[in-house]
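As given, the protein sequences belong to chains A and B, one line each in that order.
Numbered according to the numbering used here, the first sequence spans residues 1 to 395.
Numbered according to the numbering used here, the second sequence spans residues 1 to 159.
The set of hints was computed from the structure by calculation and includes no laboratory data.
Since the model is a prediction, treat every value here as computed from it, not as a measurement.
We treat Cβ as the ideally placed atom computed from N, Cα and C, and that holds for glycine.
Hints are supplied without guarantee of correctness; some may be wrong.
[As the list claims (entries may be wrong)] Pairs of lysine-lysine residues, derived as DSBU-like cross-links and limited to a Cα-Cα distance of at most 35 Å, are as follows:
id	chain 1	residue 1	chain 2	residue 2
1	A	Lys264	A	Lys367
2	A	Lys192	A	Lys272
3	B	Lys150	A	Lys192
4	B	Lys30	B	Lys40
5	A	Lys272	B	Lys48
6	A	Lys389	A	Lys271
7	A	Lys171	A	Lys272
8	A	Lys171	B	Lys5
9	B	Lys40	B	Lys129
10	B	Lys141	B	Lys45
11	B	Lys5	A	Lys192
12	A	Lys264	B	Lys96
13	B	Lys48	A	Lys271
14	B	Lys45	A	Lys264
15	A	Lys192	B	Lys141
16	B	Lys127	A	Lys192
17	B	Lys6	A	Lys171
18	B	Lys40	A	Lys192
[Unchecked claim] Beta-carbon label-pair distances, calculated as ranges:
id	chain 1	residue 1	chain 2	residue 2	range
19	A	Ala154	B	Thr143	32 to 40 Å
20	A	Pro77	B	Gly25	31 to 39 Å
21	A	Asp119	B	Thr143	25 to 33 Å
22	A	Asp47	B	Pro47	45 to 53 Å
23	B	Thr123	A	Gly317	34 to 42 Å
24	B	Gly25	A	Pro20	40 to 48 Å
[Unchecked claim] For the chain B half of the interface with chain A, some residues (derived, Cβ under 10 Å), not all of them:
id	residue
25	Gly14
26	Met16
27	Phe20
28	Gly61
29	Val80
30	Tyr82
31	Pro92
32	Ala93
33	Tyr104
34	Ile107
35	Phe119
36	Gly131
37	Lys135
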Amino acid sequence: MGRRVAITGVGMTHQRSARPDVNGQELINEAVRMALDDAGMTRKDIDAVVIGNMDHFEGINYVDTWSVDGSGALMKPIMKLTTGGTTGTTVAMGAYYHVASGLFDRVLAIGWEKNSESDTTGAITTAFDPFWDRPIFAGAVAGLAMEATAYMAATGATEEDAAYVAVRERKHGLNNPYAHLHINMTIDDVMKSPYLSWPVKMGDMCPRTDGACALVFVSEDVADDFPQKPAWILGVADRHLWAYTSDPYMDVKTGKAWFPALEKASAEVFKKVGITDPLEQFDVAELYLPYSFAGLRYIESMGFCDRGGAPELTRAGAFDMGGKCPVNPSGGVMSSNAIGATGLIRVAECTWQIQGRADERQVPDVKLALATGFGGCYWSDVLILGKEKPGKARG
Amino acid sequence: MNEEKKDLIALESGEMEQPFKWAAGAYGSKFLTELRDNKKFVGAKCPKCGRVYVPPRRVCGPCYVELTELVPVSDEGELVTYTVVSFGFVDPATGKQRDVPYGYAAIQLDGADTLLLHFIDETDHEKIKVGARVKAVFEEKRTGSLLDIKHFELLEGQA
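This is chain B alone, in the form it adopts within the complex (with noise of 0.2 Å):
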C-alpha cells in the first residue's frame, strides 16, 4: 500500500486569491462608523416585538417586519458565555494564524437583545464567569470594521 501511496498524485492550490466586496449596507455601515468615528454603539429597534438588534438588521425575522428606528446602545454589558480557545487555525481573510490561546465570549451590551461574539482579555477560564461585566476597548487606529473593537474587558469585582 505504501508502495502504491508514492505513484499517487495531490495537486495544491498554492497561494489561491479570490477577491470579495461585500456591501453592509446603510444600517451596517452606520454600526461600523460609528465604531471607527466614535467608538459608539447602535442598534436596530422592532417596532413590534421591541427586540434590539446589536449590530443593526434591517428585518426582525420573528415579526417579519422592517426596522427603522436606530438607537444608541452602552460600551458595557454581560458576558453569556465563553471559552478560551487553545486550537489555532489559519483565518481565510487574513492568511495568518491568529495567537493561541485567547479568550472568547458571547457578550450581551446593556440595551441589546442580542449578543455579539468578540474576544476577551483572559486566558485563564478560571477567572472568567458567566455573567461577569464586560466593557469594550478599542483600537487605536480603526478602519470601519468589527475589529475596530481590539477586544471585551473584564471588570473587576462585578461577577
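Bound-form chain A, shown alone (with noise of 0.2 Å):
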C-alpha cells in the first residue's frame, strides 16, 4: 500500500476571460510562484511536476517542454496529463500516485489553459473521432443540452429547477476573488437568457476562461514541515466508460445506470473513505458543474439523494452556503471555466476549505470535503480530502 499524502501549497491566479499581457508560460509561473511561497518552498524542494491542458486549445503539442522555465520543472522529472475537462482532476491524482507511490516526498500539479487563445468548440470538436462524431458533432452544448433533456424526460424536473443551480453558483462567486464571473443572476435572468441549445440557455452554462492552477503535494513523511496545516487525500477514483460522444445516453435508454463513471467511481471513493451518506457527512463540495442541469444530475448519481430529488434539495437550500452541504463555494465551473485548471481548482478550494483559509467564502469546521472533474464522453475523477490524517493509505 502507498504512503499518506497531503497537499500543502496552494497557488491559483484570478481567473479572467482573457490575459493578452502573459503567455501561457507566464500565466502557470503566476500560479506556480503563489503556490511555492504557499509552502515555504523554492524550485530547487520539488522533486517531480505534473502538468495538464488541453493541448488544442492554444494549438502547442509540447507543453511540458516549452513550460519548463515557468513551470520550474527545468530538469526534473515532469509528466505531461490531458484528460478532457477531467484534466485538472487529473494531474491532481497524477502527482498524488507519485507521492504515495514512495518514488517522490514533493511533488508540484499544474493545471492551465487560456481558452481565450482559440474557439474553444471547434478545438473541442478535434478532441473526437473524425468518422463518427466529428462530422456531426455539434459541440459540446449540444452533448450536454440532450442530456438535459434526457433528465427532465426521466424526472419531470423543469427548465426552472435547473436556474435555481445556476443562480446559486453565480451567487458564491460573488464571494470568490479569484473567480471569473461576478455577476448577481436571478432566477428570472437565467430563464429570460437565450436559448444556446434547447433547453440549455446562455445563463446555465459556464463561461471561457483563462486561468492557471498549481498545487504541490507531499509525503508523509515531510508533511510537517511546512508552514500551511496539511490537507489530506483521503481516497481517489476515477472511470473513464465511454468510447463515442453518442455512447453515454445508452444508459438513458436503458435506465440500468444514471450516469455511469461518476456512480462507479464515486462509489469506489466513498467505500474507501466510508462514506454512506454523502449529504450528512460531507462538509462541503467543490463539483465539476459544466452548467445547471449538472448540479440535479450529478448530485443525484453519487447518492445525495433519489433519482429526481435534486431539484427539491436545491430549492431548500441544502446546497447553498449555510446548507446541509454547501456545493461550489467558489461559484464553480459556472462561474469560472480554465478548462485544464478547472479540476485543480476544484482541490484547491476544498485544501482551502479544509485549512480555514477560504476567507468570505469559507464554511465553518471543514473535515471532510468532495471534488470531482467532469469531461471527455462522460469520464469522471472523484477525490476526498480531510483534515484529520488518514489511518493508512487508501489508494
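From the two separate chains plus the hints, produce the assembled complex.
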C-alpha cells in the first residue's frame, strides 16, 4: 500500500476572460510562484512536476517542454496529463500517485488553460472521432443539452429547477475574488437568457476562461515541515467508460444507470473512505458542474439523494452557503472555466476549506471535502480530502 | 490599463491547414460503403453479450472480445434524446458554420444497441418527443461519409 499524501501549498491566478498580458508559461508561473511561496519552498525543493492542459485549445503540443521555465520543471522529472475536462483532477491524481508511490516526496501539480487563444468549440471538436463524431458534432453545449432533455423526461424536472443551480453558483462566486464571473443573477435572468441549445440557455452554461492553478503534494514523511496545515487526500477514483459521444446516452435508454462513470467512481471512493450518506457526511463539495442541470443529475448520481430528488433539495437550500452541504462556495465551473485548471481548482478550493483559509467563502469547521472532475465522454474523477491524517493510505 | 493593452501584441494563425488521412478500418469502411452504395445500415454483433454496435466496432469494450459477425439493421429507429441547437460555431473540418437552428438527436436504430447522433428535420422543440419514431433520409450524392445521411425525419403519429 502507498504512503499517505497531503497538500501543503496552493496557488491560483485570478480567473479572467482573457489575459493578453501573459503567454501560457508566464500564466503558469504566476500560480506556481504563489504555490511555492505558500508552502515556504523554492523551485529546488520540488522533486517532480505533473502538468496538464488541453493542447489543442492553444495549439501548442509540447507544453511540458515549452513551459519548463515558468513551471519550474527545468531538469526535473515532468509528466503531462491531458484528459479533457477532467485534466485538472487527473493532474491532482497523478501528483498523488507520484507521492503515494514512495518515489517522490514533494510534487508540484499544475493545471492551466488560455481559452481566449482559440475557438473552444472548434478545438473540442478535434478531440472526437473523425468518422463517427466530428461530421455531426454539435459542440459540448448540445451534448449537455441532450443530457438535460433526457433528465427532464425521466424525472419531470424543469428548466426552472436548473436555473436555481445557476443562480446559486453565481451567488457563491460573488464571494470569491479569484472567480471569473461576478454577476448577481436571478432565476428570471437565467430563464430569459437566450437558448444556446434547447433546453440549455446562456445563463445555464460555464464561461470560457484564462487561468492557472498549482498545488504542492507532499508525503506523510515531510508533511509537518510546512507553514500551512496539511490537507490530506483520503481517497481517489476515476472511471472512463465510453468511446464515442453518443455512448453516454445508452444508459438513459436502458435506465440501468444514471451517470455510470460518476456512479462507479464515487461508489468506489466512498467505500474506501467510509462514506455512506454523502449529504450528511461531507462538510463541503467542489464539483465540476459545467452547466446547471449537472447540479441536479450529478448530485443524484453520487447518492446525495434519490433520482429526481435534487430539485427539491436544491430549492430548499441544502447546497447553499449555510446549507447541509454547501456546493461550490467558489462559484464553481459556472463562474470560471479555464478547462485544464478547472479540476485542480476544485481540489485547491477543498484544500483552502479544510485549512480554514477560504475567507468570505469559508464553510465553518470543514473536516471532509469532496472534489470531482467531469470531461470527455462523461468521464469522472472523484477525490476526497480530509482534515485528519488517515489511519492508512487507501489508494 | 487600456493604454497598456494597446501595446500588447497577439499573433493570429490565419487560415491554417493541417491535412490528415484517417483510416476507417475494414468494418468502418463496410458501414460507409453500405451507406453510400445501398442506403443500408450494418452493425457488428458481439458473440458473447449479443450487443449490436452501429457503426460496427471491432471490439466489444465490456466483453473485451473481437466482433466477427456483421448484421443488417434498420434505417428506422427511436429518438432517445434530443436538442435544438441555436449556438453557431465554425466546424474545424469544413471551416464553415452550420445554419442554426437545427434539430439534433440520439437515435437507436431498430436492431442496434448503440445510439447514433444525427440531425433531425424539426427545429420546434415542442414538436419533438423522446420516444418518437424516426427514419433516415439520404443525400442524393453520397461519398462514403456519415453525412451521406442528410438527417432523420420524424414519422408522423407514432410518437
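Query raised in the report: Given the hinted pair Lys171 of chain A and Lys5 of chain B, is their alpha-carbon gap at most 35 Å?
Result: 30 Å, holds
Query raised in the report: Can the restraint linking Lys6 of chain B and Lys171 of chain A be considered satisfied, given a maximum Cα separation of 35 Å?
Result: Roughly 33 Å between the alpha carbons, so the hint for Lys6 of chain B and Lys171 of chain A holds.
Query - Status of the hint placing Tyr104 of chain B at chain A (closest C-beta pair under 10 Å) - result: Since the shortest Cβ distance to chain A is 5 Å, the answer is holds.
Query - Holds or violated: Lys272 of chain A to Lys48 of chain B, with C-alpha atoms at most 35 Å apart - result: 32 Å, holds
Query raised in the report: Does the hinted range 25 to 33 Å hold for Asp119 of chain A and Thr143 of chain B at CB?
Result: Cβ of Asp119 of chain A to Cβ of Thr143 of chain B: about 26 Å, so the range 25 to 33 Å holds.
Query - Given pair status - Lys45 of chain B, Lys141 of chain B, alpha carbons within 35 Å - result: 29 Å, holds
**Report entry** Hinted pair Lys127 of chain B and Lys192 of chain A, Cα distance within 35 Å
**Finding:** 21 Å, holds
Query raised in the report: Gly25 of chain B and Pro20 of chain A, beta-carbon distance inside 40 to 48 Å?
Result: 44 Å, holds
Requested in this report: Report holds or violated for the interface hint on Pro92 of chain B, using the least CB-CB distance to chain A and a cut-off of 10 Å.
Outcome: This interface hint holds because 5 Å falls under the 10 Å limit.
Query raised in the report: Within a Cα-Cα threshold of 35 Å, do Lys30 of chain B and Lys40 of chain B meet the stated pairing?
Result: 11 Å, holds
Query raised in the report: If you take the shortest Cβ to Cβ gap from Phe119 of chain B to chain A, is it below 10 Å?
Result: With a closest approach of 7 Å, the Phe119 of chain B hint holds.
Query raised in the report: For the pair supplied as a hint, Lys40 of chain B and Lys192 of chain A, is the alpha-carbon distance within the 35 Å limit?
Result: It is violated: about 43 Å lies between the C-alpha atoms, which goes past 35 Å.
Hint check: violations occur at hints 2, 12, 15, 18, 25, 37; the rest are consistent with the structure.
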